[in-house]
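**Student:** The working numbering runs 33 ahead of the 1-based position in the sequence shown.
It should be emphasised that the hints constitute simulated quantities derived from the structure, not laboratory data.
Be aware that a few hints might be false.
Pair ranges (Cβ atoms, derived) [said to hold, decoys possible]:
(1) A51 <-> E223: 25 to 31 Å
(2) S72 <-> A192: 18 to 24 Å
(3) P49 <-> R102: 20 to 26 Å
(4) W169 <-> C200: 28 to 34 Å
(5) A65 <-> D199: 24 to 30 Å
(6) V124 <-> R203: 24 to 30 Å
(7) H137 <-> E185: 20 to 26 Å
(8) A73 <-> S106: 30 to 36 Å
(9) D171 <-> S105: 19 to 25 Å
(10) C200 <-> T166: 30 to 36 Å
(11) R102 <-> T165: 28 to 34 Å
(12) Q126 <-> A50: 40 to 46 Å
(13) R102 <-> H235: 42 to 48 Å
(14) R90 <-> T41: 18 to 24 Å
Where is the CB? At the ideal position from N, CA and C, for every residue including glycine.
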Amino acid sequence: MTDYPNTTTDVTAAFPAALRDDAASVAAVLPAWHPYRMSAGVVTFRMVGEELRFPYRWYPDEVDRAAYRSLSSVQRAILDCWYTRHHDGRVRQRSLARILDCEHPWAAPFVIRPVGEYVIEIVRMIATVVSTTEWWRDRSETYGRFLAEDREFFASVAARAVSYWDCYHRGDHALFSRYPGGVVVERLREAANRFTDTPLPHNVPRERRSPSGRA
Numbered sequence: 034m035t036d037y038p039n040t041t042t043d044v045t046a047a048f049p050a051a052l053r054d055d056a057a058s059v060a061a062v063l064p065a066w067h068p069y070r071m072s073a074g075v076v077t078f079r080m081v082g083e084e085l086r087f088p089y090r091w092y093p094d095e096v097d098r099a100a101y102r103s104l105s106s107v108q109r110a111i112l113d114c115w116y117t118r119h120h121d122g123r124v125r126q127r128s129l130a131r132i133l134d135c136e137h138p139w140a141a142p143f144v145i146r147p148v149g150e151y152v153i154e155i156v157r158m159i160a161t162v163v164s165t166t167e168w169w170r171d172r173s174e175t176y177g178r179f180l181a182e183d184r185e186f187f188a189s190v191a192a193r194a195v196s197y198w199d200c201y202h203r204g205d206h207a208l209f210s211r212y213p214g215g216v217v218v219e220r221l222r223e224a225a226n227r228f229t230d231t232p233l234p235h236n237v238p239r240e241r242r243s244p245s246g247r248a
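Build the full structure now, drawing on both the sequences and the hints.
**Tutor:** Spelled out as structure tokens, the structure:
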């Protein structure tokens, strides 16, 4: 754990400067919590030239319903993005479900990051959505432009997805491309490559073969 100086600063640091007032309004309704109840690790990313960050995990209670309803639609989306970093996987999943179809580009990092994390139910939920024709039509440009700008963010998520698959899910999915996280990684790679002259690398581990020679 680490000591963060200001809750408002923590929240505003995760969103573009144009959202500073909305992010501050969200910070104002968060339950009382001690600053040290936040993971030392942060996830950094770049969006339209801005260097942003959010915590790997944080440990508060949920916002009560009245406070949630008092927020504007943009502020609710900001709050849901922030709660995708909550320590309780069930809270993360509920919050993520509300932003999966969010039209705002700044929600994309919060949707993408869990693909490289360990809760398979969340990874499956994301894979189901990004595999649809509707997602590709309505959201792939937003996600593709973000990842074309921040290749390191994509590489980090992809590497983590490969690692979790290799350690825990090869038995169910012999090929990374059939693992839900692999489905998302390849879909995102395809989206990003439409907006860059240098395609994102395709770093997938070799398939293991059985004694018969089959994958």
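**Student:** Each hint should be assessed against the structure and marked as holding or not.
**Tutor:** Hints, verified against the model:
1. The supplied range of 25 to 31 Å is met by A51 and E223, whose beta-carbon atoms lie about 29 Å from each other.
2. Checked against the given bound of 18 to 24 Å, the beta carbons of S72 and A192, roughly 19 Å apart, stay inside it.
3. Between P49 and R102 the Cβ separation comes to about 25 Å, which falls inside the hinted range of 20 to 26 Å.
4. Look at W169 against C200: about 30 Å separates their beta carbons, and that is inside 28 to 34 Å.
5. Between A65 and D199 the Cβ separation comes to about 41 Å, which falls outside the hinted range of 24 to 30 Å.
6. Roughly 29 Å separates the CB atoms of V124 and R203, a value that falls within the hinted 24 to 30 Å.
7. Between H137 and E185 the C-beta distance comes to about 22 Å, which sits within the given range of 20 to 26 Å.
8. Checked against the hint of 30 to 36 Å, the C-beta distance between A73 and S106 comes to roughly 33 Å, which is consistent with it.
9. Range check, D171 to S105: about 22 Å between beta-carbon atoms, so the 19 to 25 Å window is met.
10. Here the CB-CB span from C200 to T166 is close to 32 Å, well matched to the stated 30 to 36 Å.
11. About 29 Å separates the C-beta atoms of R102 and T165, a value consistent with the hinted range of 28 to 34 Å.
12. The beta-carbon spacing between Q126 and A50, approximately 29 Å, falls outside the hinted interval of 40 to 46 Å.
13. Judged by the Cβ atoms, the range 42 to 48 Å given for R102 and H235 holds: they are separated by roughly 45 Å.
14. For R90 paired with T41, a C-beta distance near 19 Å keeps the hint of 18 to 24 Å intact.
When the structure is compared with the earlier hints, violations turn up for hints 5, 12 and for no others.
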